[in-house]
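Just so you know, the sequences run in chain order A and B.
In terms of the numbering used here, the first sequence is residues 1 to 291.
In terms of the numbering used here, the second sequence is residues 1 to 384.
By construction, these hints were calculated from the structure, which means they are not laboratory data.
Examples of chain B residues toward chain A, derived with CB under 8 Å:
1. A50
2. P72
3. S73
4. I77
5. A78
6. A85
7. Y87
8. P88
9. F98
10. G99
11. R103
Keeping only pairs whose Cα atoms sit at most 27 Å apart, straight-line, the calculated BS3-like set for lysine-lysine is:
12. K167/B - K130/B
13. K104/B - K130/B
14. K130/B - K278/A
15. K167/B - K177/B
16. K104/B - K111/A
17. K130/B - K108/B
18. K20/B - K113/A
19. K130/B - K111/A
Facing chain A, from chain B, some residues (calculated, C-beta under 10 Å):
20. G51
21. L86
22. L100
23. E101
24. D158
Every residue, glycine too, gets a C-beta built ideally from N, C-alpha and C.
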Amino acid sequence: MSVAPPTVRRGIATRALLYAILLVFAVIYLMPLYVMLTTSFKTLEEIHQGNMLALPVDWTLAPWREAWGSACIGLECNGVHGYFFNSIKIVVPAVLISGLLGAFNGYVLTKWKFRGHKIVFGLILFSCFIPFQIILLPMARVLGILHLANSTWGLVLVHIVYGIGFTTLFFRNFYASFPDELVRAAQLDGAGFFVIFFRILLPASIPIIVVTIIWQFTNVWNDFLFGVSFASGDSAPITVALNNLVNSSTGVKAYNVNMAAAMVAAVPTLIVYILAGKYFLRGLMSGSVKG
Amino acid sequence: MSFLHINNVHKRFGETHVLKGIDIAIEQGDFLVLVGPSGCGKSTLLNMIAGLDSISEGELLLDGRCINDLHPSRRDIAMVFQSYALYPSMTVAGNIGFGLEMRKVPRKERREAVDRVARLLQIENLLERKPGQLSGGQRQRVAMGRALVRDPQLFLFDEPLSNLDAKLRVDMRTEIKQLHQRLGTTIVYVTHDQIEAMTLASRIAVMRGGELQQLGTPQAVYDDPNNLFVAGFMGSPSMNLVKARIVEQSGLPVAQVATDGATLTLPIVRDRDALRGWCDRDVILGLRPEAITDPASANHGEGNIHEAELPVALVEPTGADLYVVTSLGGTNVNARMRPGTPLRAGERTRFAFDVSRMVVFDPESEQRIRDAYTADVASLEATA
Chain A
1 MSVAPPTVRR
11 GIATRALLYA
21 ILLVFAVIYL
31 MPLYVMLTTS
41 FKTLEEIHQG
51 NMLALPVDWT
61 LAPWREAWGS
71 ACIGLECNGV
81 HGYFFNSIKI
91 VVPAVLISGL
101 LGAFNGYVLT
111 KWKFRGHKIV
121 FGLILFSCFI
131 PFQIILLPMA
141 RVLGILHLAN
151 STWGLVLVHI
161 VYGIGFTTLF
171 FRNFYASFPD
181 ELVRAAQLDG
191 AGFFVIFFRI
201 LLPASIPIIV
211 VTIIWQFTNV
221 WNDFLFGVSF
231 ASGDSAPITV
241 ALNNLVNSST
251 GVKAYNVNMA
261 AAMVAAVPTL
271 IVYILAGKYF
281 LRGLMSGSVK
291 G
Chain B
1 MSFLHINNVH
11 KRFGETHVLK
21 GIDIAIEQGD
31 FLVLVGPSGC
41 GKSTLLNMIA
51 GLDSISEGEL
61 LLDGRCINDL
71 HPSRRDIAMV
81 FQSYALYPSM
91 TVAGNIGFGL
101 EMRKVPRKER
111 REAVDRVARL
121 LQIENLLERK
131 PGQLSGGQRQ
141 RVAMGRALVR
151 DPQLFLFDEP
161 LSNLDAKLRV
171 DMRTEIKQLH
181 QRLGTTIVYV
191 THDQIEAMTL
201 ASRIAVMRGG
211 ELQQLGTPQA
221 VYDDPNNLFV
231 AGFMGSPSMN
241 LVKARIVEQS
251 GLPVAQVATD
261 GATLTLPIVR
271 DRDALRGWCD
281 RDVILGLRPE
291 AITDPASANH
301 GEGNIHEAEL
311 PVALVEPTGA
321 DLYVVTSLGG
331 TNVNARMRPG
341 TPLRAGERTR
351 FAFDVSRMVV
361 FDPESEQRIR
371 DAYTADVASL
381 EATA
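Chain A on its own, in the form it takes in the complex (with noise of 0.2 Å):
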């Protein structure tokens, strides 16, 4: 083993060389980030002295309690913090009603095949291809008429109406394989429908249940064209108030404040993701390779 044949050696060249690709690669993907989170931290005077790269001398949270609380948006003074929570109260009834009608799409759609279930599941599928600005018109109608415009419920309704064709198609799959004799089993066994869907079926969901939660969450929650155009004022998500927050500055812009902001903005999405994240993978895979 003194010697390693070149094979081998040719074999870890090419590994050195790879990794250093995707080193380079992480490095221009990760790079944004570390201007962000640096730059929220450091004064605006530090800011103005140039050096983009550097971390902070002084560090300082005062930027980031700024975003939060006391940054002007528009003519309020408030800081992200109210639209913050606008966006969880759209971001959780939308992931949760979106979610539990995809699972019934998908049980009804395997398991009580009725003519036709393959026209429907195309249909619901069909909505995943519909570009958002295309309905941005008659949904904006459709609202006007339920008297939800510029509410965080008309954005609920729009995610969730949005929602349904992935989640539908993510759980379909799951229960595509997920085996028939198991319901027919519970059928003797005295179950009905909805006890079978939550009893059997529902608890052997949470690959797919996570891939739903974290798709539909990171969609809702970064959405900014639905927001800007179906809510305005005090109910816009969190999208909107850091676009305008960005925008509203005057004189001076508070670089520190507004990455501050979207830092918050962001936060969430990448606490679902690094809690949820192993299972994001194996539950895609799920609906495609037996296990």
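Add chain B to chain A, keeping to what the hints say.
Chain B only, in chain A's frame:
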């Protein structure tokens, strides 16, 4: 009135006619095995009894009441599935008790019932485990426990042993049979394995292409097959089927079979009356391997032995037996001889044919040619 009566049951999926009028009746305590090649409709029939598939035509009677339109859970039937179908997120105890829980049995009674079944199946130490932590044989037992705990009128088994390895399959087969004898339950069991069917059943229903080929005791189906399909399907090694010609010799029909040398003439003792009408016509003879032996092991007491010297084409020792292959009527024929018989391919030896066990088939309709009397006995046995 029989306990389970399947009365002219049909199943159609759109244009395809899957079951074409099945008639089966069994008594309480019977072990009915539905056996046949894949696609013969046996699993469909089982699902229809369970209520998981609808009945297109005909009637299902269980203990005198029509169950056609009853929901599966109201038929008083339990089923063991091929994949066991254990609920993955519940413990073994939860799995076994689920049916009782759905029927609103109080927790304490439920616990007692689960314990009793667990003791019966020797799985008491597994009750808190999840199905994923069990071996194949253990899952099988839990699946049976789930069926047993409800103490239903009828048990259905859908190929329950096909997912087990060969050794475990034989063990579980024995256990199922013991359980049936001990509890006296009525069972309908589906399999494609004819040995499973022979060993377990008190009644066998052989099916093919959505039609019932024969219903009877294992021995009747084995010794007295209705047609060529049943003859060839049941038994391993399978029945020898040989082309022959019926001719009349001194007023009696005999079967003439071509061999590599002289023509072999076998006297006919069974179904003689029916075969009188077949003189100078071609037929197919059916002879089980154990009905062709060496002269010393032949059943001289009860049988009707006819000996002939024939060439040996091949010798296949299995340890317990020695299968000797010769050629009759252009096909290879297996004979079962005493192990250790000193024989080699190319030699000639004496074969003893027990013609009392020989059955004869019409080569065109593939139906058995049998006397009216034995036909009556067979149909009597089927309905008994």
